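J.: What follows is the residue order along each chain.
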Amino acid sequence: MPDTHETMRLDAESLSGARGGDTVFSGVSFALSRGQALVVTGPNGAGKTTLLRILAGLLQPAAGRVALSGGGTAWPDTASASHYLGHLDAMKTALSVEENLLFWQRFAGHARMSVPKALETVGLGEIGHLPFGYLSTGQRRRAALARLFVSHRPLWLLDEPTSGLDRASAGRLAGLMEGHLREGGMIVAATHLPLGLAGARELRMERE
Amino acid sequence: MLALYLRDVRLGIRAGSGALTGVLFFLAVVAVIPFGVGPDLNLLARIGPAILWIGALLASLLGLERLFQADREDGSLDLLVMADSRHMLALTVFVKCLAHWTANVLPLVAAAPLLGLFMNVPPLSLGAATLTLLAGTPAIAFIGAVGAALVVALPRGGLLVSVLVLPLTVPVLIFGVAASRAAVADPDPFLQPFLVLCALTLFFAVIGPVAAALALRNAD
Amino acid sequence: MSETANPTARLAALANPTRFLALADRLVPWLAAAAGLVLAAGLAMAFAAPEDYQQGITVRIMYIHVPFAWLSMFCYTLMAASALGTLVWRHPLADVSLKAAAPIGATFTALALVTGSIWGKPMWGTWWVWDARLTSVFVLFLMYLGIIALTRALDDQGRAARAAAILTLVGFINIPIIKFSVDWWNTLHQPASVFRLDGPTIHSSLLWPLLISALGFTFLFLTLHLMAMRAEIWRRRVSAMRRLAARAAEGRLAEGGAS
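Chains as they are written, first to last, in my numbering: chain A, 390 to 597; chain B, 41 to 260; chain C, 79 to 337.
Just so you know, these hints were derived from the structure itself, not from any lab. A couple of the hints might just be wrong.
As the list claims (entries may be wrong) - If the Cβ cut is set under 10 Å, some of the chain B residues that face chain A in the computed set are: (1) N82; (2) D114; (3) G115; (4) L117; (5) D118; (6) M122; (7) S125; (8) G167; (9) T170.
Said to hold, decoys possible - Label-pair ranges, simulated between beta-carbon atoms: (10) B:L154 with A:S552: 29 to 37 Å; (11) B:A150 with C:P181: 27 to 35 Å; (12) A:G409 with C:P181: 46 to 54 Å.
Being a predicted model, the structure only gives us computed values, none of them experimental. Virtual Cβ for every residue (Gly too), placed ideally from N, Cα, C.
All chains should be built: construct the whole structure from the sequences, respecting the hints.
T.: Here's what the structure looks like:
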């Protein structure tokens, strides 16, 4: 689905994040426009996950603000405009991979690829009929990544997307992310391993 | 929304075998009561509808803890919360409650007439009890959703859910039992308590999901 | 303690509570004194009041039972108002108020039940009847305990605050329904033969001591509530400082490792 929102941009202004009453980071600002990616790096506990959850609208920032502009009625805020891939895969072990993805496609709307095609994209074409619980760690992560392709969202918020992936799969993911950027998408990815994403800016977070 | 309903029903029936456990628990609760009060069939016939109601109440609290916890543990809950502008969260909660009710409580209601027969409950009273269970147990699911949402972050919140929810279910129990009793006790009206019961279910169908959605958004 | 030395968000949020603490420190002795005086007067009047010709001396328990029952509802209303404060205005003091009020409210409710039961024994010949009033107060007591259990169970302060507020409000909406249903249930099961407090009218010789004593207990409640809020604020400051100390120690450790 082509995006007509040429001017869409994500702005974060002097964000502070707190967990359990403790400030984990403060004064984080950045701006992202279409086709751009931001890689958030830093040690464990620096607040990468907290930052992503604030961007996704799951946490309130302790200070500062996040705004998505130019999204029109389709994407009024970051929560509606983003795919959030956290540490967890958001898949039910009792359902098959296809059932899981089909559910998320129908729930999220804005269908983009068919489920078999999305599974093909992440290299799981053969095993869509298996229950998610039978999959290995790497396969689970790839199945979770397939969720990004079954429905369209301009902004991808990826928390350690390569965890559990082998080198080949991680390389394939980098290619897929570049494809999303070429189509005018935006990516914010938290990682402590290099993603191999050409042209991405880096936001380094340190422990306070 | 339909997709969510179907997924949750399918999960409830397929995976946790929660429905089966609930029915078994219901059966066990109802079965031990005659051992407690004695095998007097007249007495059992009189308190039968009340036993069915209390059994159903306890059994439907059983699976409530998992209502949102399962989604939280695999990360689905984040996505449900984020979809708020597309599917209002309160509506999502409402659909999840309905699915929970279909998979876990509806089998109990279906099993109730059979258990009533064991206690010599007369057919008319049995029909009334089943009807009130059908109308009243969704209210328990909706109130229960508030409790489940409040303790979603606690690893062992099951007992706490029951403690929080039980006092709030007193009205449902009162009118449910009153209506099923009234069907046989002649001077008492059946329709009046039954309509109040329906009103309670509708009332909690609004209050429960709204409060639960508020609690879920706060859970993180 | 110096607020400027630790400019973290949590301590900054307590800037307002600091003024509250100063106010509470000044108010508590006065309120306590007022409570003592009014209570003494109320109880003295209660014992001077004429005995009920039917109930004899046992009517005197009314002068403590009824205020406890009133305050159990007053406290819940206060908590519901605090809950609104937490959810709508996110005021930190509202949460402190709710959390501090819950155990006091539970105690007063328990006392209302106990004194009611003691009163009931000579009147009804039994410690407990499933009277509509008693039953609804009993359900209220269970709700208090549920709120306390919830605030204890969640360790994250902000989360516990909002969870307790939601539960309190849901309970508050439910109180009239519970009251209505219990009344309905009671008339269905028992003929209204039991003794009713709101009988015809209370004679003024009984009413005045009751009102004075209720006022005294209200002062007592406010004193206890302010003291509990004060204690809760201090407790939070201690835990905030402990957390800071833990972080500082960790920071020193990290620096030591790096060098």
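J.: Any of the earlier hints contradicted here, and which numbers?
T.: 1, 8, 9, 10, 11, 12
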